[in-house]
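2 protein chains.
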Amino acid sequence: MKINVIGIATTQFGELWKISPKSLAREAMTQALEDGGKSAKQIDALFVGNMLADVLGNQANLGSFFGEVLGASIPSFHIEGACASGGLALHTAVNSILAGQYKTVMVLGVEKMTDCQPDDIVSGLMAAGSDEERLSGATFPGIYALMARAYMDEYAVSEELLASVSVKNHFHGSLNPKAQFQKVLTIENVMKSTKIADPLKLLECSPISDGASAVIITSEPVKIKKKAISLVASEVGTDTLALHNRDTFTSLSAVVTASKKAYKKAGITPEDVNVAEIHDCFSIAEVIATEDLGFAKRGKGARAISEGKMTLGSGNIVTNPSGGLKACGHPVGATGIKQIVEIVEQLRGTAGKRQVKNARIGLTHNVGGSGAVAVIHILKK
Amino acid sequence: MKINVIGIATTQFGELWKISPKSLAREAMTQALEDGGKSAKQIDALFVGNMLADVLGNQANLGSFFGEVLGASIPSFHIEGACASGGLALHTAVNSILAGQYKTVMVLGVEKMTDCQPDDIVSGLMAAGSDEERLSGATFPGIYALMARAYMDEYAVSEELLASVSVKNHFHGSLNPKAQFQKVLTIENVMKSTKIADPLKLLECSPISDGASAVIITSEPVKIKKKAISLVASEVGTDTLALHNRDTFTSLSAVVTASKKAYKKAGITPEDVNVAEIHDCFSIAEVIATEDLGFAKRGKGARAISEGKMTLGSGNIVTNPSGGLKACGHPVGATGIKQIVEIVEQLRGTAGKRQVKNARIGLTHNVGGSGAVAVIHILKK
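Going down the list, the sequences are from chains X and C. Those letters in the first sequence? Residues 0 to 380, by numbering that gives the first Met the number 0. Those letters in the second sequence? Residues 0 to 380, by numbering that gives the first Met the number 0.
Honestly, the hints are just simulated from the structure, not real lab data. Misleading hints may appear alongside valid ones.
[As the list claims (entries may be wrong)] In silico EDC-like cross-links for lysine to aspartate or glutamate, where the CA-CA straight-line distance does not exceed 16 Å:
id : chain 1 : residue 1 : chain 2 : residue 2
1  : C       : Lys260    : X       : Asp43
2  : X       : Lys21     : C       : Glu131
3  : C       : Lys299    : C       : Asp152
4  : X       : Lys260    : C       : Glu306
5  : C       : Lys21     : X       : Asp130
6  : C       : Lys21     : X       : Glu131
7  : X       : Lys21     : C       : Asp152
[Said to hold, decoys possible] Per label pair, the in silico range of CB-to-CB distance:
id : chain 1 : residue 1 : chain 2 : residue 2 : range
8  : X       : Thr349    : C       : Glu270    : 53 to 59 Å
9  : X       : Asp246    : C       : Lys194    : 38 to 44 Å
10 : C       : Lys224    : X       : Lys222    : 46 to 52 Å
Built from N, CA and C at the ideal position, the CB exists for glycine as well.
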């Protein structure tokens, strides 16, 4: 059975103080319907990726809650998997279509974070970690800093090389009108920014954001051919919640497992991928992902990025053309769906100033926690 | 493709102060593996139904969290749909098997509620309602009381007739060693209990509970035939979150929609069902469900229950042989899976003192909020 993405939309990402979760979701879903040439009545089911609405907004029963916004009494599901909630919602939606249960479904990723007290947001996000990590006072910047330190030691990589991730992603973000930050950065800017968790600096950490993204996927024949992009693989990998239970700090086995399965299902190798959206919650996360996904050899990811090999205009593969989590923003439940929206734009050839030339195969990499769960999707023109 | 339930387990339900969510989950999953003759390594994926762990326990990323408890690095998913989280997790698991993505999967329902302050629990549960309901100070007992009042007016039904639901369910619970309350009640006991939300009294409201239940389902051929029970329909219906947006207070359209689809898929009529687990969060909920599911005519549900037509030993169909939410307890995320465990016990003929004679077809009815979502499963011997 062939599944196509036929409708896509994303709201502005950023600190959207005046917009409610309902309004964000309505905007994304309405525009996705318009883009896909569908009415709400033609949608068989809704899958919602969200992490924090219950904790930060006292709203659960999110399938029904956002189903009401869509204006359709259809089976509706809320899938939570921390920052991978969006990718997991799409995976679940894909399975429901392959099962023959539904034909055309909406997948919504949405998160509203900035209305809340910083302490509540930090505590909410740390709910994705392990008991031991929380009890020891660890935060996600701290956990990823451990990975960065291990990586720098293992491969003799400098802080400047890690910083190049943010420079690339801010350059891409400067070309994306939906991005939270549309300003270019230099290595010096990154290096001089406040240290958050040594060696990670403020400009190596993704921000707190609001936003919603939606896609419509279908198994039915597509009328407007130029808009149909095939979803050829959807795979999930998992690992322990806590870092201390893992064999290595410089690779995420959840990503390796899921991407191997996805490449096999799609019948491609990493070299075939033209464009990828990577879960760069921190600079080190993108470096490790670049290697785990097979886009660079072990220990060579940071250098490849700093040499422009993943940058628009000069790379063999372009990673995070949207600006990634760092520049485009990271409304956690929305991120996995925004990645799909970006790849579909790239494969359709409608990505404007940030268009990757001749993009035919794209990949998304969405991670929850510090690698406890990873979701890989592969799309083809 | 045929899907069988091959392993089942449920922990004690009740106020389990000394047991953590992890321990509850471990107990249920370990026993389900044992019952199904499987090892953790033979499980392809895990689906977790839970509503409140994030709000009450500051734990998200629940797929990975409980996957770690299972001791398997397998794709793991957390599905939330308020009190229907368990049923929705099973529905999602069924689809993933029908999709050909996984063959043998574990579905866990778990909730730990009693450790928390009553105010936090009430606020957490009300997250399943609508903004308007919360802002107006409504609680779920209040919302169901509106339905009870409307039903009593429409069909000239007395409070005593409604009270008979609790009498039946406590009688069944008295035969279930896993039930939170194993004490029989009289109509007088119920009528004299404290009014919670007129006309509903304390003994017509399901309790706050802890507990976990797990089932293993598979598309693979089953070796131990007597343990294999077929899952022949899994359907979801939805409605508005808020009562005031509905056409009627005396029927839940989500239940009607889902059950019609389920009966059709199973190729049966309501008369074919021998035993059913019903979501009796309040007495009126069971009365309306009895009618929505087609087990009694409109306006006749309460009388049928009071006349013993749904009681063990005297009924044509037995509803809530486990004791239902009222007597067995209602750890919200676990409920939808406990219902499956009970029906499988009944169809296997291993339900002990509460065994329904010649039970061949069973149904479960799991509801989220005040009817915003409903999940119906039908099982056959």
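Exercise for the section: Tell me, in ascending order, the numbers of any earlier hints that this structure violates. Expected result: As far as the earlier hints go, 4, 7 and 9 are violated by this structure, in ascending order.
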